[in-house]
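There are 4 protein chains.
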Amino acid sequence: MKVMIDLCVIPLGVGVSVSEYVTACQRVLEEAGLEHQLHAYGTNIEGDWDEVMSAVKRCHEVVHEMGAPRVSSSMRLGTRTDREQTIQDKIQSVETKLSAD
Amino acid sequence: MKVMIDLCVIPLGVGVSVSEYVTACQRVLEEAGLEHQLHAYGTNIEGDWDEVMSAVKRCHEVVHEMGAPRVSSSMRLGTRTDREQTIQDKIQSVETKLSAD
Amino acid sequence: MKVMIDLCVIPLGVGVSVSEYVTACQRVLEEAGLEHQLHAYGTNIEGDWDEVMSAVKRCHEVVHEMGAPRVSSSMRLGTRTDREQTIQDKIQSVETKLSAD
Amino acid sequence: MKVMIDLCVIPLGVGVSVSEYVTACQRVLEEAGLEHQLHAYGTNIEGDWDEVMSAVKRCHEVVHEMGAPRVSSSMRLGTRTDREQTIQDKIQSVETKLSAD
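Residue numbers (UniProt numbering), protein chains in the order written: chain U, 1 to 101; chain B, 1 to 101; chain A, 1 to 101; chain G, 1 to 101.
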């Protein structure tokens with residue numbers, strides 16, 4: 001089963017700057033070879049369910065290893081059986097409609 | 001690694017009533033033997049990371065099997081290395097402070 | 001327009017314990033006279049859209065006033081035009097189905 | 001108070017394709033003159049709290065007016081009192097760290 005998620009990882013107990021933790025998670029995704037796209041309040045990730053969730057777990061582990069005693073993430077998860085749809089497809093489908101005005 | 005999540009599963013393409021799908025997910029959690037607590041906009045679930053995520057995957061699969069071509073969930077995920085904390089602990093810690101007023 | 005939300009407020013830069021901030025938010029909801037129900041990973045709140053959102057804003061303000069330089073919340077928001085549904089209705093509708101097994 | 005949010009609006013009871021509803025919400029944001037950035041699983045929006053929340057309400061209203069009897073959104077909301085930070089700043093801060101490897 002393919003899944004597209006949107007993940008935002010928040011380390012607690014380590015101050016207000018979270019960019020080094022977000023950067024570490026980006027590296028986890030690159031090492032996992034998963035398609036992903038950073039935005040200002042999370043990251044889109046797509047792939048096989050088990051591979052994606054394994055990367056999410058690794059993100060939590062890495063952020064703890066960096067010193068955060070607590071991690072709270074928020075995530076959206078989308079699956080569909082009617083057809084495949086990539087990160088690019090989803091953005092394209094809205095942009096096409098917008099430019100048709 | 002232990003995790004506490006809050007999961008809200010939304011089936012798309014099947015009408016406005018989602019309670020039968022939520023009910024099916026509750027059964028998945030019971031069969032998995034995971035501690036869980038339903039509320040009006042999601043379900044708290046706690047347990048071992050892999051067992052919890054396996055149940056989340058099973059929820060998506062079951063909702064698809066029931067006929068929903070698309071499923072979009074939102075989830076919070078909390079892990080901590082400083083100490084263990086159950087669903088009851090978290091609620092208790094706020095209620096104690098509230099009653100101390 | 002009525003809305004039901006599920007709100008989880010996370011203060012950053014103040015350590016790992018967040019229960020005193022959650023408690024302060026519970027007081028905001030009580031002072032606002034809004035129907036609400038705490039769970040282990042957030043709070044269900046229902047009422048008129050503007051009143052509910054005004055309370056969410058007040059929660060952010062209060063948590064900042066208590067010393068958190070940064071606040072990151074996650075929220076689900078549900079509105080419907082087909083019928084009214086309370087926090088109790090939603091839970092009841094699943095529990096009735098579960099007990100019918 | 002400034003806020004940065006990440007909003008994902010899901011119409012229920014209207015089939016599996018949601019792109020026309022997402023497109024309508026993009027127009028709401030443009031008409032409101034709010035800085036925003038679409039991604040594959042939501043939209044980043046930044047601005048004054050009241051203006052941003054007013055646009056979120058308008059999105060729900062518009063999606064109902066288009067025929068969806070039920071709307072369920074998920075949203076992240078970030079506020080900070082220590083400094084201002086734009087959508088571009090947040091992405092830049094991670095990309096700078098990544099490219100420093």
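None of these hints come from the bench; they were simulated from the model.
Be aware that a few hints might be false.
Example chain G residues on the side facing chain B (calculated, C-beta under 7 Å, incomplete) [to be verified]: (1) H64; (2) M66; (3) G67; (4) P69; (5) S72; (6) K97; (7) A100.
Here are the simulated distance ranges between beta carbons [said to hold, decoys possible]: (8) R27/U / G33/G: 47 to 55 Å; (9) D82/A / G33/B: 35 to 43 Å; (10) K97/G / E84/U: 31 to 39 Å; (11) G15/A / K2/B: 41 to 49 Å; (12) E95/B / Q88/U: 44 to 52 Å.
Predicted, not measured: the structure shown is a model, and the values here were computed from it.
Glycine included, each C-beta is placed from N, C-alpha and C at the ideal position.
Hint check: is the beta carbon of H64/G less than 7 Å from a beta carbon of chain B?
Violated, about 12 Å.
Given P69/G was flagged as interface, is its beta-carbon under 7 Å from a beta-carbon of chain B?
Check passed: Cβ of P69/G comes within 5 Å of chain B, closer than 7 Å.
Cut-off 7 Å, beta-carbon criterion: hint that G67/G touches chain B
At 12 Å from the nearest chain B Cβ, G67/G fails the 7 Å test, so the hint is violated.
Can you let me know if the beta-carbon spacing of R27/U and G33/G is within 47 to 55 Å?
For R27/U and G33/G the Cβ distance comes to about 37 Å; the hint is violated.
Would you settle whether the hint for M66/G is holds or violated, based on the nearest Cβ-Cβ distance to chain B being less than 7 Å?
violated, 15 Å
Tell me if the beta carbons of E95/B and Q88/U are separated by a distance inside 44 to 52 Å.
holds, 47 Å
Given the range 31 to 39 Å, decide if the beta-carbon distance of K97/G to E84/U lies inside it.
holds, 33 Å
Does the Cβ distance between G15/A and K2/B fall inside 41 to 49 Å?
violated, 20 Å
Tell me if S72/G is really an interface residue toward chain B, meaning its C-beta lies closer than 7 Å to one of theirs.
holds, 6 Å
Taking 7 Å as the limit, does the beta-carbon of K97/G come near enough to a beta-carbon in chain B?
Nearest chain B Cβ about 23 Å off; hint violated.
Quick one: are D82/A and G33/B within 35 to 43 Å, going by C-beta?
Cβ of D82/A to Cβ of G33/B: about 36 Å, so the range 35 to 43 Å holds.
Min Cβ distance, A100/G to chain B: is it shorter than 7 Å?
Violated: closest Cβ of chain B sits about 27 Å from A100/G, beyond 7 Å.
Hint compliance for this structure: hints 1, 2, 3, 6, 7, 8, 11 are not met, and every other hint is.
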